[in-house]
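Please construct the entire structure, taking both the sequences and the accompanying hints into account.
Residue numbers (my numbering), protein chains in the order written: chain W, 1 to 346; chain L, 1 to 154; chain B, 1 to 367; chain Y, 1 to 152.
No wet-lab data here; the hints were simulated from the structure. Every residue gets a Cβ at the ideal spot worked out from N, C-alpha and C, and that includes glycine. A hint or two may mislead.
[To be verified] Using 25 Å as the maximum straight-line C-alpha spacing, the simulated SDA-like pairs for lysine to any residue come out as follows:
id: 1; chain 1: B; residue 1: Lys189; chain 2: W; residue 2: Phe216
id: 2; chain 1: L; residue 1: Lys92; chain 2: W; residue 2: Gly250
id: 3; chain 1: L; residue 1: Lys82; chain 2: Y; residue 2: Phe60
id: 4; chain 1: B; residue 1: Lys198; chain 2: B; residue 2: Glu35
[Said to hold, decoys possible] Derived, one-sided and incomplete: chain L residues facing chain B with beta-carbon distance under 10 Å:
id: 5; residue: Trp19
id: 6; residue: Cys34
id: 7; residue: Gln103
id: 8; residue: Gly105
id: 9; residue: Glu109
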Amino acid sequence: MSLLSFTYGIFKVLGYDLATFVTFLIDSIVFLLVASVAVAGTIYFFRKYMARVQLRIGPNRVGKFGTLQLIADAFKLFGKESILPRLRDDLPYKVAPVLVFIGLLVAFSILPYGSLYYIGDIFISNSGVGIILLFAVLAIMPIGELLAGISSHNKYSLIGALRAVAKDISFEVPMMLSVLAIVVMASARTTNSLNISSVVTSELLPYGILEPLGLFVFFISMIARASYTPFDMGESESELVSGYSTEYTGMRFGLFYLGMFGTILLGSFIVSLFYLGGYNGPYSSDIGLIYLLIKAVIVVVISFTVWLAMPRIRIDKFVNFGWKYLLPISVINLVLAGFLTIYLGW
Amino acid sequence: MKTGEPGLITTTLEKALEWGRSNSIWPLTFGLACCAIEMMAVQASKVDISRFGSEIFRSSPRQSDLMIVAGTVTKKMAPRVKRLYDEMPYPKYVIAMGVCVIQGGPYVEGYSVVLGVDRVIPVDVYVPGCPPTPEALTYGIMTLQKKIRGENTR
Amino acid sequence: MSEWVELNMGPQHPSTHGVLRLKIKVEGEIVREVEPVIGYLHRNAEKLCENTFFCDNLLYFDRMDYVGAPGMEVGYLEAAEKLLGVPPPERAIWIRTIMAELSRIASHLVWLGAYGLDLGMLTPFFYAFDLREKIMTIFVEASGSRLLTNYCSIGGVYQDFNEKIVQEIEDFINIAPSKIEELNSLFVKNDIFISRTKGIGYMSKEVAIDYGVTGPMLRASGVEYDVRKAEPYLAYSKVNFEIPVSSKGDNLARFLVRIEEMRQSVKIISQAIKKLPDGPFFNPKAKKSMMIRMRGEGEVYARTEASKGEFGVYIVGDGGVKPYRVRVRSPSLKNLSVLREIGKNVMIADLVAISGTTDLVFGEIDR
Amino acid sequence: MEFQPGEEKGKDGRKIIKVKKEDLLSTLESLKKKGFNHLSLITGVDRKDYIEVVYHLHSFESNEYVVVKTVTYNSKVPSVTHLWKSADWDEREEYDLMGIEFEGHPDLRRLFLPQNWVGHPLRKDYNMKNVQYINMDEDGEDYATFDPGDGW
Numbered sequence: 001m002s003l004l005s006f007t008y009g010i011f012k013v014l015g016y017d018l019a020t021f022v023t024f025l026i027d028s029i030v031f032l033l034v035a036s037v038a039v040a041g042t043i044y045f046f047r048k049y050m051a052r053v054q055l056r057i058g059p060n061r062v063g064k065f066g067t068l069q070l071i072a073d074a075f076k077l078f079g080k081e082s083i084l085p086r087l088r089d090d091l092p093y094k095v096a097p098v099l100v101f102i103g104l105l106v107a108f109s110i111l112p113y114g115s116l117y118y119i120g121d122i123f124i125s126n127s128g129v130g131i132i133l134l135f136a137v138l139a140i141m142p143i144g145e146l147l148a149g150i151s152s153h154n155k156y157s158l159i160g161a162l163r164a165v166a167k168d169i170s171f172e173v174p175m176m177l178s179v180l181a182i183v184v185m186a187s188a189r190t191t192n193s194l195n196i197s198s199v200v201t202s203e204l205l206p207y208g209i210l211e212p213l214g215l216f217v218f219f220i221s222m223i224a225r226a227s228y229t230p231f232d233m234g235e236s237e238s239e240l241v242s243g244y245s246t247e248y249t250g251m252r253f254g255l256f257y258l259g260m261f262g263t264i265l266l267g268s269f270i271v272s273l274f275y276l277g278g279y280n281g282p283y284s285s286d287i288g289l290i291y292l293l294i295k296a297v298i299v300v301v302i303s304f305t306v307w308l309a310m311p312r313i314r315i316d317k318f319v320n321f322g323w324k325y326l327l328p329i330s331v332i333n334l335v336l337a338g339f340l341t342i343y344l345g346w
Numbered sequence: 001m002k003t004g005e006p007g008l009i010t011t012t013l014e015k016a017l018e019w020g021r022s023n024s025i026w027p028l029t030f031g032l033a034c035c036a037i038e039m040m041a042v043q044a045s046k047v048d049i050s051r052f053g054s055e056i057f058r059s060s061p062r063q064s065d066l067m068i069v070a071g072t073v074t075k076k077m078a079p080r081v082k083r084l085y086d087e088m089p090y091p092k093y094v095i096a097m098g099v100c101v102i103q104g105g106p107y108v109e110g111y112s113v114v115l116g117v118d119r120v121i122p123v124d125v126y127v128p129g130c131p132p133t134p135e136a137l138t139y140g141i142m143t144l145q146k147k148i149r150g151e152n153t154r
Numbered sequence: 001m002s003e004w005v006e007l008n009m010g011p012q013h014p015s016t017h018g019v020l021r022l023k024i025k026v027e028g029e030i031v032r033e034v035e036p037v038i039g040y041l042h043r044n045a046e047k048l049c050e051n052t053f054f055c056d057n058l059l060y061f062d063r064m065d066y067v068g069a070p071g072m073e074v075g076y077l078e079a080a081e082k083l084l085g086v087p088p089p090e091r092a093i094w095i096r097t098i099m100a101e102l103s104r105i106a107s108h109l110v111w112l113g114a115y116g117l118d119l120g121m122l123t124p125f126f127y128a129f130d131l132r133e134k135i136m137t138i139f140v141e142a143s144g145s146r147l148l149t150n151y152c153s154i155g156g157v158y159q160d161f162n163e164k165i166v167q168e169i170e171d172f173i174n175i176a177p178s179k180i181e182e183l184n185s186l187f188v189k190n191d192i193f194i195s196r197t198k199g200i201g202y203m204s205k206e207v208a209i210d211y212g213v214t215g216p217m218l219r220a221s222g223v224e225y226d227v228r229k230a231e232p233y234l235a236y237s238k239v240n241f242e243i244p245v246s247s248k249g250d251n252l253a254r255f256l257v258r259i260e261e262m263r264q265s266v267k268i269i270s271q272a273i274k275k276l277p278d279g280p281f282f283n284p285k286a287k288k289s290m291m292i293r294m295r296g297e298g299e300v301y302a303r304t305e306a307s308k309g310e311f312g313v314y315i316v317g318d319g320g321v322k323p324y325r326v327r328v329r330s331p332s333l334k335n336l337s338v339l340r341e342i343g344k345n346v347m348i349a350d351l352v353a354i355s356g357t358t359d360l361v362f363g364e365i366d367r
Numbered sequence: 001m002e003f004q005p006g007e008e009k010g011k012d013g014r015k016i017i018k019v020k021k022e023d024l025l026s027t028l029e030s031l032k033k034k035g036f037n038h039l040s041l042i043t044g045v046d047r048k049d050y051i052e053v054v055y056h057l058h059s060f061e062s063n064e065y066v067v068v069k070t071v072t073y074n075s076k077v078p079s080v081t082h083l084w085k086s087a088d089w090d091e092r093e094e095y096d097l098m099g100i101e102f103e104g105h106p107d108l109r110r111l112f113l114p115q116n117w118v119g120h121p122l123r124k125d126y127n128m129k130n131v132q133y134i135n136m137d138e139d140g141e142d143y144a145t146f147d148p149g150d151g152w
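So, in C-alpha cells, the structure goes:
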C-alpha cells in the first residue's frame, strides 16, 4: 500500500490508462504544494529561530505569531516590478531561477518519506536508480546559479558565479564518494542498492554511526550545496552585495530565495535518510514519516545554528579544504566501508 | 457592471497585494551618517523591526522595497542616492530619517549639503529627530504601512 | 595589466560602513590595487565652526564620530577650554572621563557587531547592540539623547550625575565584563574566524608610523602609544589602566586589542565612579548667559584618545566670539589611508576583513 | 602681525618653531632625523593676505611634541610626502579646502570635492552664496556645475 496505489484506488473507475495518468498528476500536484509549503515553513521557522537566537521576537504582526509572514512576502514579491538589465543574456537570465527551483522540487519528489497510517508509503517516484537520479538533479541547481551570474552583466554577479562554481567542483567529488560508500554498504543487504528506499530500509543501524566520516563529509557538502554561511561564497552578502542574484528582482529573486531554504530542507532530508536511519524505527510501517520528520527538523536546526554562528570562509581556503581534506577523508571512508562490508559482513 | 468600476476580484487582489506589501517591507542596507547607527539599532534586539516583517535588509537595491535615507545627504552623494532609487523596482518607498535629510539640519548653511533629500527623490514618510530614536523610526515604518494600505494616517 | 577588472565597492555597499567607495582592480579574486575615494559625507563642519559660537560648535563634534559622541566632545572641549580659559571643575572632569570611556565601549561594540557582519556572522551584532543599549540608557538618563549626547559643555557638563545614573553605571560595570567575554568567545573560539583574521592584513610598525596610524591599529602593530598615557588629559593620570599592545599587526591583533581596550575601559569606569568627587559640575565663569560672550585668542592644539585613535583639535581664535579656524585631526582618515598599502595583493574577502578592522566612521573622516 | 622666525610657547604649552618657507624642508628633515616620526597634522590657516601652514609633529621614542609653522604668500609650500607618507592625504585635503599647492606632491588632487569644484571653501573669501551642484557621469566620476540641471 502506498500513496500512489491509495490514489489509484480512488480513480480506478476511469480505467487503467486514465487512472494512472490522473493518479500521477494529482499526486504530483499535491506533492508540489506540500513541498512548497514545507519550504515556506522552513523559512518561517528560520526567521523565528534566528530571532530567538538573537534575543529578538521575530515576525509576529501578520497572523497568529506571524505565521502568514511568508504569504505576505510572496504577495509582495509577485507584485514587484521586474527589472531586466539592459545588457543581459536574455534566455539564461530568465531560465536560471526557474532551473534552481524546478531542480529543487524534482529532487524532493525523488525521495521516499516512509509511511503513515492509512496513506501508506509516501513517494512519487520509486526509481531503481534513485540515488543517481537524485544527485543528477542536485547537480542542475548550480547550473542555474552559474547562468544567473554570467547572464546578468554585473561584475559582482560574475565573481559570485565563479566562486559558486569553484566551490561546487571542490565538494562534489567527496560528496559522491561518501554516497558511494553508502551504496557499497547497502549492497551487502539489498539487491537493489541504488534504490533509495531499499537503501534506507537496509540500514538497521544508521550509517552515520557506522561511517561518521561519511556523515561529516556529506553534511558539509550539504551546507555547501545550500550555500549558507560558512560556505556562502557565491552570495557573500558583505563582499559581493548579493552575489549571483544581485540583479534579480521580484519573484525571480524569490525563487532563488526559496531555492536556498528548500535546499537546506532537502539536505536535511537526505542526511537523515542516508545517515540517521531515515524512517526506520519501531512501528515504522505506521509512523515512519514522523521519525523522518523529527530527524529532518533536528538536522535543520543544527544547520541554522551553524549558519547563525559561523563567519564566512574564504573561497581559496574552502577549495583547499575540499581537495586536501574532504577528498582524502571520503576516500578513507569508502575504503573503510568496503572493509566493513566484506570482512565484517555489515 | 459599469465601466471603470473595479470588479470584485480586482479589488480583492488589490487588497491582498497591499496587505502583502505593507507587511513585508524589505529595507535597503544604506546608511549615510549618524542616523544609520539608529537604523542598525532598529534591527537590533530592543526595537525589533522584524516583528513587522522588515528584518531582511537586502544590500542589493534590486531586491529592496524601502530606502531609509539615514543621514546627511551631501551633494556628492545625491546623484548616488538618485541612482540607487532608480535601481529599485516599483513599488518603492522612501523614508527620510533625521533633520539633515529633511532640510539640511545643522549643516543647512554649508556649501556641500543637500537641503533635503526630497529635492532629489520623492519621500513618503519624514521622521524628524537628530537622530530619531529607534522608536520614532519604527513609528515611521508603521505610518508607511498604513499609507500603503490606504488608511488614514492621522 | 589589461586583465585587471575594475570594481567599484560603494558608496552603497554592505561592507563599507557608510559611504566609503573603494575603487579596486582585481585579477580574478585578488585585489591588485585599491584606492579609497572619500568625501561622500563631507559636511563642511570645519567651515561651519568658523561661523558659530564656541559653545555651539560642540554639536558638529558630536556628529563627527557619531558612535562615540562624548569622546569627541571631550576632544573639542580640551582645546576650547584652554583657549577660552575656563577650566572645568574636578567633578566635571571625572564625569567626562566616565562618559568618554563609556563612549569608547559603545563605539567598539558597534565596530564589533559590524565586523561580525563583515565576516558573515549574523549573531554577534545583536549581542553587541544588546550590551550597547545599556550604555544608551545611561546616555539618555544623563543627557536626554541616545546617540549624539551633547552632554559636555564648555566649563563643565550639561547636568550633574544623579543617583540613578550612578546606579545604572554600576549595574553596567557589573554585567559588562561577562558580556564582553561572551562576545569575545563568540569570535575567537571559532576556527574560521581565526583563519580569516590571523596573519591577514599585516601592517608593520614602520608602515603604521609612516602613515600616521594611531589608536588600536597602531597598538596592534607594536607601538605602545596612547594619548591617555603619553599626554594625560582629564583624570587619566589618576586611574590605573594598561595599554594593550600586540606585536602581530594583523587583523586578529587589532581585534584583540580592541576587546582588551573595552575591558580596560570598564576598569577605568569602575575606578572613576568610586572616586567621583563632590562639588560643582560646571565652572561658574561659563554659566549659560555668559556662553556666547566668551572670547578666545591665540591657538591651541589638544589631542585626546578617541576610540579610533588620536583625535586632535586645533583652534585658532582671533579674539572674537567665534573661532577663526578649527582644524580636526581625524584618526580614521589616517587609518583609512593606510588601506592603500595593506589592502594590496589580498583577496576580495580579505579586503573586506581588513577594511573592517580599520573601524571607519565617516562623519569623522569627511567631516 | 608680522611673521618672525623663532621659537615660542603656545597657549597650550607646546613648542612652536616658526620658520621661513625656504627653511621649512630642512627644518622638518632635521626634526625627522631627531626622531619625530609621526606627522600628526597639517593645517592651513587663512590670514587673508597670507596663509599659515602648521605642522604638528610627535616623537614616539621621546614622547615630545613640536609645532612647526611657516607662512606662504603665494599659497605654495614644498610637499613633505617624501618624509612622511601620512602627509599625502593631509596635503590633498588642504589643497582641496584651503587651496595650498604643495610642490612636489605626487598626486595632488582634491580629496573631498570633485576635481572641477570652483574655489576653496575654507578660504575666508570663499563665496558661500555661489551654490555649486555635483553630478555624476556615466563612469561614476563626479563633476561640479553651477547649473542645477539634470537630476536636481
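Next item on the list: Tell me, in ascending order, the numbers of any earlier hints that this structure violates.
Entry: As far as the earlier hints go, 3, 5, 7 are violated by this structure, in ascending order.
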